[in-house]
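Protein chains in written order, with the numbering used here: chain Z, 1 to 176; chain D, 177 to 541.
The hints are simulated quantities; they were obtained by calculation from the structure and are not laboratory data.
Remember, predicted model here, so these are calculated numbers, not experimental data.
Hints may be right or wrong, so weigh each one.
[What the hints assert, rightly or not] Straight-line Cα separation of at most 25 Å, DSS-like style, residue types lysine-lysine; simulated pairs: (1) Lys-137/Z / Lys-454/D; (2) Lys-56/Z / Lys-454/D; (3) Lys-61/Z / Lys-153/Z; (4) Lys-38/Z / Lys-49/Z; (5) Lys-504/D / Lys-49/Z; (6) Lys-535/D / Lys-131/Z; (7) Lys-137/Z / Lys-535/D; (8) Lys-504/D / Lys-153/Z; (9) Lys-513/D / Lys-56/Z; (10) Lys-153/Z / Lys-49/Z; (11) Lys-137/Z / Lys-4/Z; (12) Lys-38/Z / Lys-61/Z; (13) Lys-535/D / Lys-61/Z; (14) Lys-153/Z / Lys-454/D.
[Unchecked claim] Where chain D lies over chain Z, by a calculated footprint (3+ residues, C-beta under 8 Å): (15) 61 to 69; (16) 75 to 87; (17) 96 to 102; (18) 134 to 141; (19) 159 to 169.
Backbone N, C-alpha and C define an ideal beta-carbon position, used for all residues, glycine too.
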Amino acid sequence: MRTKQCLLWLCYSCILWLSACTKLDNGDYVMPITLYEKLQGTWTLTDLKQIDETAKIAGLKPDEMSLYNQFDFNTLQIVLETDDDGIPTIYQVTGNAPVLFETNGFWELENPFPMADGSAPIIQLYRDAEKSILTGKLHVVGMPGASPQMELKLTRSQAGVPYVSYLYQLTDLNLK
Amino acid sequence: MNKLILILFMGMMCMAPFAKGQQAIADPDRMWTVPSVYTMDEPVTWNFDFASAEQLSDGEPLYLWIWAPTNPTGAPIPLTYSGERVWSITFTPTDFFGMTVEQLWANTENFFFLLRDIDANKLTGTLSFPKQDAVKSFVESGEQFAFAPSDFQLGSTLSILFNANLVPDFLPAPASVHLHAGLNDWDAKQEFQAWLPDIREKTAFRHIGNGIYKKDIIPESYFGVTDEYEMENFVFLAVKYNGNDAQPDWAGASPDFRIIAPGVPEPLPPALSFFPLKISARDVLVITRDNNIRGQRLSYTITGGSKTISGNLEGNMARQRAYINIQKEFSEQTIDKIHLLIKDQNGVAIYNQDMPLMKEDDLLQ
Chain Z
1 MRTKQCLLWL CYSCILWLSA CTKLDNGDYV MPITLYEKLQ GTWTLTDLKQ
51 IDETAKIAGL KPDEMSLYNQ FDFNTLQIVL ETDDDGIPTI YQVTGNAPVL
101 FETNGFWELE NPFPMADGSA PIIQLYRDAE KSILTGKLHV VGMPGASPQM
151 ELKLTRSQAG VPYVSYLYQL TDLNLK
Chain D
177 MNKLILILFM GMMCMAPFAK GQQAIADPDR MWTVPSVYTM DEPVTWNFDF
227 ASAEQLSDGE PLYLWIWAPT NPTGAPIPLT YSGERVWSIT FTPTDFFGMT
277 VEQLWANTEN FFFLLRDIDA NKLTGTLSFP KQDAVKSFVE SGEQFAFAPS
327 DFQLGSTLSI LFNANLVPDF LPAPASVHLH AGLNDWDAKQ EFQAWLPDIR
377 EKTAFRHIGN GIYKKDIIPE SYFGVTDEYE MENFVFLAVK YNGNDAQPDW
427 AGASPDFRII APGVPEPLPP ALSFFPLKIS ARDVLVITRD NNIRGQRLSY
477 TITGGSKTIS GNLEGNMARQ RAYINIQKEF SEQTIDKIHL LIKDQNGVAI
527 YNQDMPLMKE DDLLQ
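All chains, full assembly: derive it from the sequences and hints.
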């Protein structure tokens with residue numbers, strides 16, 4: 001009888017010991033929901049507009065022009081990759097379009113959460129994995145939502161005055 | 177009864193002045209001269225179109241009765257019926273009036289006349305042609321060329337006046353001066369082929385003195401086009417013949433002139449534009465030229481640092497455009513400008529200037 005009781009206690013303590021291995025989900029360890037979820041993927045260009053910022057400010061026309069059917073822009077794809085934890089890793093631009101920013105490297109958002117003031121999030125492009133050499137910035141002026149459409153804007157400025165922008169209109173063909 | 181006869185007789189007496197009276201012929205619908213511009217010592221044809229004058233039957237004899245500057249014969253002068261209710265008369269003013277050029281100009285400002293039948297039973301009101309000295313006003317205008325009439329048509333005479341005095345180094349001309357011309361930006365043309373005697377004759381201007389030249393042509397027959405040809409413009413230059421029949425050649429030419437045909441809207445001026453207005457060495461550039469001249473083909477040559485690229489603008493007369501990947505061609509060099517040369521198929525430079533390249537702000541700022 002005593003032996004039987006001992007055995008029961010032993011089993012119970014074993015269960016207790018083993019049960020310590022299961023992680024109880026109390027909410028502390030969930031990865032935060034970031035914009036990376038929306039941005040990652042393979043994006044195919046549907047239109048590219050070149051915007052003449054000088055003309056726009058001066059009120060001159062034309063101030064924008066579609067280049068989609070020129071320079072093989074219609075072959076352009078942008079791949080934004082994240083790791084299993086949703087952390088941004090590498091990006092790559094494929095196709096034969098003119099190289100308006102570096103075609104591969106590493107990426108991250110300046111701020112991974114939606115901006116409180118509603119301003120466009122900024123994708124920062126880096127040459128190195130340590131993200132120390134910044135090579136470009138793309139403004140996410142159209143955030144993918146219910147439909148997999150994204151708009152990225154590359155702007156060049158001199159002395160703080162923008163003179164040309166490129167507006168990439170993209171779609172994710174692998175519907176999420 | 178006697179009373180009735182008396183009344184009838186009196187009635188007839190009253191009618192008599194009307195029966196004997198002259199009938200008025202409605203003025204011509206249109207009056208014009210061929211050529212439009214003529215000197216007093218060259219043949220001219222006056223034309224009168226009585227399209228709607230009920231008083232005249234087709235082809236009936238009609239006469240000119242002229243009193244200014246003078247009545248040359250004291251008798252009515254018969255007109256020629258040219259068909260289609262047009263009557264005309266051809267004469268050389270100096271011979272016709274028996275006056276010198278100077279005497280003619282010193283006389284009235286207009287030719288005054290009327291047209292009538294032989295007995296003057298029916299006649300027009302007083303008509304006139306201005307004796308406008310087109311050549312004198314042309315010389316005074318200071319223009320290198322002029323043309324008339326302003327509403328010239330494919331099938332009617334076009335007079336061209338050329339003032340060689342106003343073209344630098346054109347005079348003296350060693351021999352005759354010729355018309356090298358075309359329609360619709362040389363689509364149809366009559367070149368001055370100096371080595372062909374009949375073409376020399378066909379294209380020759382008439383020297384009317386003091387470096388002023390005149391040429392009358394009917395575009396349709398001169399350029400050998402059909403009457404359905406849609407004339408949009410007339411282009412020409414005056415060319416000097418070297419006068420050497422053994423080795424015939426051009427001995428110089430005036431600038432190109434261009435006349436827009438009547439009723440054709442004035443074409444918009446050519447417009448060259450760059451898009452965007454400012455670029456860096458990492459951008460793409462769009463060159464556009466709108467409202468090109470017929471047949472004009474444009475090409476570009478871009479030089480940046482040690483590299484030169486060239487190509488054609490694609491498109492039509494309304495718009496020609498080139499898309500240039502500056503980034504691919506020039507971003508490997510450190511340059512702060514590129515040089516753009518745009519020219520047409522004849523080598524005429526449309527644009528020949530530097531374009532500064534913008535810098536890019538440091539991204540960390």
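Hint check:
Taking the CA atoms of Lys-137/Z and Lys-454/D, the gap is about 20 Å. The hint holds against a cut of 25 Å. A distance of roughly 12 Å separates the Cα atoms of Lys-56/Z and Lys-454/D; the hinted pair therefore holds under the 25 Å criterion. Distance hint between Lys-61/Z and Lys-153/Z is fulfilled; the C-alpha atoms sit about 20 Å from each other, no more than 25 Å. The hinted pair formed by Lys-38/Z and Lys-49/Z meets the criterion: a straight-line CA distance of about 23 Å does not exceed 25 Å.
With a C-alpha separation of about 19 Å, the suggested pairing of Lys-504/D with Lys-49/Z holds against the 25 Å cut-off. The hinted pair formed by Lys-535/D and Lys-131/Z meets the criterion: a straight-line CA distance of about 24 Å does not exceed 25 Å. Restraint check for Lys-137/Z and Lys-535/D: satisfied, since their Cα atoms lie roughly 16 Å apart, inside the 25 Å limit. Only pairs whose Cα atoms come within 25 Å are accepted, and Lys-504/D paired with Lys-153/Z is accepted, the gap being roughly 20 Å.
For a cut-off of 25 Å, the pair hint linking Lys-513/D to Lys-56/Z stands: about 23 Å separates their Cα positions. A distance of roughly 9 Å separates the Cα atoms of Lys-153/Z and Lys-49/Z; the hinted pair therefore holds under the 25 Å criterion. With a C-alpha separation of about 71 Å, the suggested pair Lys-137/Z and Lys-4/Z falls outside the 25 Å cut-off, and the hint is violated. Restraint check: the Cα-Cα separation between Lys-38/Z and Lys-61/Z comes to about 35 Å, which exceeds 25 Å; the hinted pair is violated.
Taken as a hint, the Lys-535/D and Lys-61/Z pair is honoured in the structure, with Cα atoms around 24 Å apart against an allowance of 25 Å. Of the supplied pair hints, the one linking Lys-153/Z and Lys-454/D holds, its CA atoms being roughly 17 Å apart against a limit of 25 Å. Check on the segment 61 to 69 of chain Z: 3 of its residues sit with their Cβ under 8 Å from a Cβ of chain D, so the three-residue criterion for coverage holds. Here the segment 75 to 87 of chain Z counts 0 residues with a CB under 8 Å from a CB of chain D, which misses the bar of 3, and the coverage is violated.
Check on the segment 96 to 102 of chain Z: 3 of its residues sit with their Cβ under 8 Å from a Cβ of chain D, so the three-residue criterion for coverage holds. Here the segment 134 to 141 of chain Z counts 4 residues with a CB under 8 Å from a CB of chain D, which clears the bar of 3, and the coverage holds. Coverage of the segment 159 to 169 of chain Z by chain D holds [criterion: at least 3 residues with CB-CB distance below 8 Å; count 4].
Checked against the numbered hints above, the structure breaks hints 11, 12, 16 and satisfies the rest.
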